[in-house]
Amino acid sequence: MSGGGEEILLSTEHVRYKTTQGTLYLMATRVGWSSQRSDLLKLTVAYQDVKAQLVSPMKKEKVQLQLELHSGVKETFLFSNPAGHEQQLKDRDAVKELLMQLLPRFRQHLFAEFEGKTSLLERNPELLQLYKDLVPTGIVGADEFWSTYQHLAEPRQQQKPPQPAPASSSASSASAAPTSQQQQQRAGVSADFLSAIKPVSQDGGFKYSLTADIIQAIFATYPAVRRKHAQLVPQAVSEQEFWLRFFQSHYFHRDRLHVARDEVFADCAAEDEAAFRRVMERITPDVFVDLTRLADADTYRDEEAPSSVGGGAAATGASAGGGSSSTTGGQQLIRRCNQHSLMVLQSEPDTSGSAAAATNGTNGDAAAAASSAAGADRDGDNDDGQLASKRRKLRELTRFDDLGDVGADEAEAEMAAADAMALERIERYLFGPAAQSGGDEGSSGSGAPVGDLPSRLPYAQLSRAVARSLNHLDSWPNLRLSSACTAEEAVEALRDLSVGGRLSGVVPGSRRARQEAQQQASGAHIEEIRALARTLAELLRHFWACFPVTSAALEAKLTRVRAALTKLDSDRIQPLAQRRPEAVSQLRSLLSTAFAKHDQWLSKKQPKR
Amino acid sequence: MKLNVDGLPVLFPYEYIYPEQYSYMVEFKRSIDAKGHCVLEMPSGTGKTITILSLTVAYLHHSPDHVSKLVYCSRTVPELEKVVEEMKTLFDYYTKNGVTLNLTGMALSSRKNLCINADVLEGNAGDGRSIDSACHQLTASFVRDRRRHAIGRAGADVESAPPGCQYYEEFDAHGRENAAPILHLKAYGRRKGLCPYFFARYSMSTANIIVYSYHYLLDPKISELVSKQLPKSSIVVFDEAHNIDNVCIESMSVTLSRRSLDRAQLGLNSLQNRVREIKQQDAAKLQEEYNRLVNNLREAQSARETDLILANPVLPDQVLREAVPGNIRTAEHFLAFLRRFLEYLKLRLRVVHVVSESPAAFLRDCSERVCLDRKPLRFCHERLRSLLATLEVAESPELGSLFRVANLATLLATYLRGFCFLVEPFDDRAPTVINPIMHLTCMDASIAVRPVFARFQTVLITSGTLSPLEMYPRILDFRPVNMVSFTVTLARQCICPMIVAKGNDQVTITSRYESREDPAVMRNYGSLLLEMARVVPDGLVCFFPSYLYLETIFAAWYEQKIIDQVQKYKLVFIETQDAQETSIALYNYQRACENGRGAILLSVARGKVSEGIDFDHHLGRCVIMFGVPYVYTQSRILKTRLDYLREHFHIRENDFLTFDAMRHAAQCVGRALRGKTDYGIMLFADKRFARADKRTKLPRWIQENLSEAVLNLSVDEAVQISRRFLKQMAQPFTRQDQLGVSLLTLEQLRDIEMQRRYANEAG
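So the sequence lines, in the order shown, correspond to chains A and B. 1 is the number of the first residue of the first sequence in my numbering; add one for each residue after it. 1 is the number of the first residue of the second sequence in my numbering; add one for each residue after it.
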């Protein structure tokens with residue numbers, strides 16, 4: 001069992017799994033169960049593999065919890081605390097609660113990761129080819145593939161000129177850019193999540209199906225329901241019963257006029273109403289949309305005066321607008337719809353809101369919060385604070401951009417100052433990344449554009465690593481540097497030997513032959529060979545990385561890679577070799593070297609056994 | 001840029017100018033030169049305000065003896081704030097060009113907006129009426145006298161004295177020598193410890209530019225207090241004047257319910273007690289008042305003759321020539337008189353059927369039943385005001401109701417024409433609920449506005465939507481020297497008006513009363529909304545003819561699951577009758593538009609949203625007008641007004657109704673466009689819009705963009721057109737595209753001017 005040092009969030013004893021008594025552990029990333037006797041975890045399930053959790057109904061004798069996995073497997077745990085039914089329920093609920101919090105997190109995580117990988121593959125055709133070659137053929141596991149390549153691919157992803165939007169939003173946290181952005185861009189709650197629950201009529205009744213996403217949306221939008229859910233489920237009512245009631249409530253039937261007294265959600269309605277009132281009582285932060293302040297009040301206007309001539313509607317408005325209790329069904333519906341939209345809007349994290357406030361000059365929530373914080377003396381200092389943003393908005397409203405500029409250079413400057421992006425490294429915003437040139441060719445030769453590393457930290461690490469390895473070299477006793485060639489010679493030799501070099505190809509030295517070869521290796525072939533070479537290089541990298549074979553895991557890997565190499569040889573290189581032996585000769589020589597090494601290793605190993 | 005408008009050098013604070021702005025200045029200047037009134041229509045979002053300000057400021061600067069003041073009236077507080085901001089821009093520009101202006105500007109607003117006294121604001125937040133009365137209780141002259149006495153007596157013991165307002169005291173002591181800043185009056189007041197409200201009111205006499213709300217000029221109850229000292233050589237501008245007749249009528253109408261009568265009763269009782277009290281303590285004071293009343297009005301008359309005071313329609317000339325009738329001169333007699341009148345009103349309110357009668361009939365009935373004559377009734381308002389001053393009573397809500405009763409009496413007894421007395425025992429839409437309401441409605445908008453036209457040399461009526469222009473001089477009863485409707489020059493067609501007349505199933509869509517409940521119509525309206533929600537980015541605003549209809553159709557859409565589908569694309573917000581709730585909805589609508597979610601706002605064509613809120617740029621990419629916004633035609637008030645209009649102004653009922661509906665439709669639709677860089681779709685979803693009588697009443701700038709091809713579209717066709725339009729509009733649009741077409745530099749302007757001059761000479 002891997003990763004022993006994981007934090008245990010919750011452990012519950014007396015949990016039976018497949019008739020064996022044991023302990024259930026909820027850890028940071030997975031669920032584990034061990035039997036009473038052994039310390040080893042008999043069963044581990046990563047959270048991201050869990051599709052759903054199911055609990056047994058309230059009234060049932062057995063208290064169970066079932067985890068349904070994406071693979072279709074269902075793991076059932078029976079809570080059998082000797083302290084009795086009550087205690088068992090309590091245990092189960094604790095587990096359930098925690099799981100409920102944990103699972104969505106991992107689901108999102110998983111989803112985000114998947115998204116990221118897909119887009120990565122889409123952007124990098126080479127990588128996609130590699131993926132196709134390696135993963136589906138079983139040569140390299142998907143995880144292994146990603147662990148090797150993600151870091152390679154990411155700098156490339158960044159190499160693209162930074163788009164303005166991410167640059168501005170992540171300027172403060174440049175190093176964490178890619179991941180944090182994915183988190184920031186959390187999708188909001190869809191406004192129609194309630195109508196997404198389509199009732200299906202089924203033998204006399206209706207069947208509503210809820211997904212985890214919808215529940216999440218409901219909870220995010222209506223905190224009152226979430227609280228209610230935490231309160232009631234599963235002590236008072238079962239999960240199913242709860243949602244059944246929900247579907248009967250005013251939340252779902254928004255045109256329902258009277259909320260039944262005994263209904264579960266009756267007080268939720270009151271609570272929502274109160275929250276809505278609170279929002280209303282708070283002064284509308286934006287004076288430009290405050291209808292109550294539109295008219296310049298004057299002394300003793302008639303309260304009952306019709307707002308427009310012949311406005312019989314206004315007269316009724318005065319009487320009907322009085323209390324919310326006397327509203328008709330239609331008004332109630334409208335009110336609830338407004339409320340719903342408001343709640344949906346509020347369920348979103350307010351980053352966008354404040355950003356909009358900053359750029360558009362509306363006094364957004366920050367100002368609202370300030371005003372509520374300032375409390376009673378809203379006309380005091382806070383008034384001055386609001387004044388600036390109000391003026392900005394006014395100016396924005398009165399200025400005509402296309403008429404050229406008002407003599408308001410300073411105004412412009414002020415606006416610019418207010419809206420300026422806080423860039424940490426301006427040159428990174430203005431210019432694209434440049435490859436770092438300089439002494440350490442080793443690092444820039446590796447293919448990763450050093451200049452593009454998000455911050456200086458990795459570079460520092462890199463240079464330290466280089467220095468350390470140089471030290472190692474110096475202190476290596478057997479090294480006879482005198483017999484080694486110089487760096488220039490080495491580079492030359494490498495160039496000659498690599499594909500297209502002087503010494504590669506069929507007939508070394510013969511320019512004509514090389515040209516012929518190049519002509520022949522045209523079109524699809526050259527592409528095929530190139531891809532093959534890349535795949536092979538990758539595999540060989542894995543292969544050589546296994547030496548020296550020090551552990552069982554490495555040994556296993558070696559065997560696997562060897563098999564993969566053989567497969568590659570027989571499946572793809574051999575057929576090609578039959579058609580164009582000269583094209584693949586270099587690949588074959590690489591292969592044969594590797595095989596030779598492997599055989600040598602095998603023969604060495606054999607006598608040991 | 002420095003313009004030459006007909007010989008007048010005008011500084012315009014931008015580098016470029018719209019052609020129509022220049023033409024507007026030319027036309028406006030002609031009217032000022034001719035010392036006459038004018039009606040000018042210029043599309044919304046083409047910079048009317050700055051145009052008007054630039055020209056008048058130049059005029060004030062160069063010929064101060066011809067024009068001495070500019071009174072700029074607009075409707076809503078945000079509008080007024082914008083005017084002030086633009087004025088600031090202009091003043092800055094003058095300073096930058098090295099021209100010193102000897103002009104001061106001043107923006108007057110109500111106490112609600114200007115008060116900085118924390119004690120007053122506490123607990124009264126946002127409630128204009130209670131802030132006013134709280135202010136009265138601190139600053140009325142007798143309160144201050146009492147306070148001064150108390151402080152004088154008690155020496156250092158200030159705490160025990162009646163509270164006062166330190167800001168007012170400071171203003172009274174030192175405020176009068178300062179010049180008011182036009183901006184940040186409140187911040188200035190706070191810094192200097194001055195009361196901004198009284199400061200602003202004081203500065204009115206010296207300021208050259210006054211910005212305030214309509215009511216300060218039109219409402220006789222206020223204009224008497226505030227605006228009476230304006231000189232004749234002022235220019236008055238009514239901006240956003242498309243509804244000015246309604247404002248006039250409103251300011252002259254009184255509505256009383258049973259509740260307000262009860263309140264008036266309370267106020268009356270308290271006054272009576274007060275009189276009894278004072279009589280015991282200080283009978284001389286009342287006697288003094290009596291004496292004053294015997295001959296006081298003479299003074300007012302002499303003031304009127306020297307033309308210092310703005311004529312007050314409530315207090316017509318003949319009233320001034322007479323003394324207050326003997327039977328209401330003593331305080332007790334007057335209160336008894338009022339009590340009797342109040343009882344009579346209560347009696348009139350106790351009816352089971354609708355009563356509608358002329359003021360003459362009312363007066364006759366009144367004198368027959370309770371023996372109250374017309375003459376003393378006419379003095380009610382004046383007498384009550386005088387009594388309150390004598391009794392040293394600060395105003396309160398109860399007294400407000402009493403004032404309304406007195407107002408009613410005065411109006412009824414003063415005007416025998418143009419008014420109508422109406423008692424409705426119940427609302428027509430809820431005939432079972434007894435809720436008697438009494439209206440004294442003014443039917444003639446010209447009554448309130450006549451003094452304004454008579455008094456000032458130039459009155460400008462302007463708005464983005466004034467078509468048809470001929471209507472306004474008729475209903476306001478004045479003779480303009482100039483009436484022009486400007487169109488908009490566009491470099492790209494950034495407005496896209498369309499008339500959708502049928503659904504995809506070819507069923508005619510209309511909000512006609514007979515077919516508005518038709519499920520097919522509702523469904524088609526629903527699918528229109530749904531399709532547009534799918535196509536239009538960001539904000540989409542819909543207007544309905546009435547709140548009732550909005551409610552019905554929303555319920556139907558909910559039933560038909562249309563709302564659910566719409567929510568898939570956008571959040572839905574709806575205007576309600578509660579202003580506070582609507583403000584919240586509106587605020588969140590803007591938030592949703594701003595954070596990219598997109599939203600739909602459903603509102604009512606005559607509601608607050610349609611009259612006061614702009615939906616510029618992304619806040620309103622599309623406006624849908626569901627149905628023709630006819631006023632509720634069954635209303636008795638409307639009917640009497642229509643009759644009156646037909647008899648006295650020869651305006652046919654249908655003409656007026658259509659005019660009224662179309663101006664509201666245009667108003668709603670025009671909300672979406674602000675500036676030439678903005679763009680928006682304007683959808684008229686009713687077959688009736690296509691008829692010539694409706695279409696021709698739209699403003700010229702909309703009509704010109706409404707081609708024959710888009711008069712009878714189905715929902716699908718409209719969606720196709722919108723899609724194409726939105727794609728076109730999404731292309732980059734630069735100044736270069738506009739230059740020479742819808743935007744002129746100084747050189748281009750000169751060229752055009754020269755051409756025109758040559759053309760004139762040739763012609």
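If you are wondering where the hints come from, they were derived from the structure by calculation, not from laboratory data. If you're wondering where the values come from, they're calculated on a predicted model, not measured in any experiment. Just so it is clear, CB atoms sit at the ideal spot from N, CA and C, and this is done for glycine as well. Certain hints may be false.
Pairs of lysine-lysine, DSS-like flavour, derived with a Cα cap of 25 Å [stated by the list, open to error]:
id, chain 1, residue 1, chain 2, residue 2
1, B, K568, A, K198
2, A, K96, A, K62
3, A, K393, B, K29
4, B, K88, A, K390
Partner residues are not named here, just some residues of chain B that face chain A (Cβ under 10 Å, in silico) [what the hints assert, rightly or not]:
id, residue
5, T49
6, H62
7, H215
8, F554
9, I563
10, K570
11, I584
12, Y587
13, R597
14, A599
15, K608
16, Q748
Is the interface hint satisfied for A599(B)? The criterion is a beta-carbon contact with chain A at less than 10 Å.
7 Å, holds
Given H215(B) was flagged as interface, is its beta-carbon under 10 Å from a beta-carbon of chain A?
Cβ of H215(B) sits 5 Å from chain A, so the hint holds.
Chain A contact restraint for H62(B) - C-beta distance below 10 Å
Hint on H62(B): violated, closest Cβ of chain A at ~21 Å, above 10 Å.
F554(B) as an interface hint toward chain A, with CB separation required under 10 Å
6 Å, holds
When the nearest CB of chain A is found for K608(B), is that gap smaller than 10 Å?
5 Å, holds
So, K570(B) near chain A? Judge it on the closest CB pair being under 10 Å.
Holds. Min distance 7 Å.
25 Å limit on alpha-carbon distance, applied to hinted pair K88(B) and K390(A):
Given that 25 Å is the threshold and the Cα spacing comes to 15 Å, the pair holds.
Does K198(A) sit within 25 Å of K568(B), going by the straight-line distance between their CA atoms?
14 Å, holds
Hint validity - R597(B) Cβ closer than 10 Å to any chain A Cβ
Hint on R597(B): holds, closest Cβ of chain A at ~7 Å, below 10 Å.
Does K96(A) pair with K62(A) here, judged by a C-alpha cut-off of 25 Å?
15 Å, holds
Assess, step by step, whether the Cα of K393(A) is no farther than 25 Å from the Cα of K29(B), and give holds or violated.
Given that 25 Å is the threshold and the Cα spacing comes to 31 Å, the pair is violated.
Holds or violated: is the Cβ of Q748(B) closer than 10 Å to a Cβ in chain A?
With Cβ-Cβ at 13 Å, over 10 Å, it is violated.
Checked against the numbered hints above, the structure breaks hints 3, 6 and 16 and satisfies the rest.
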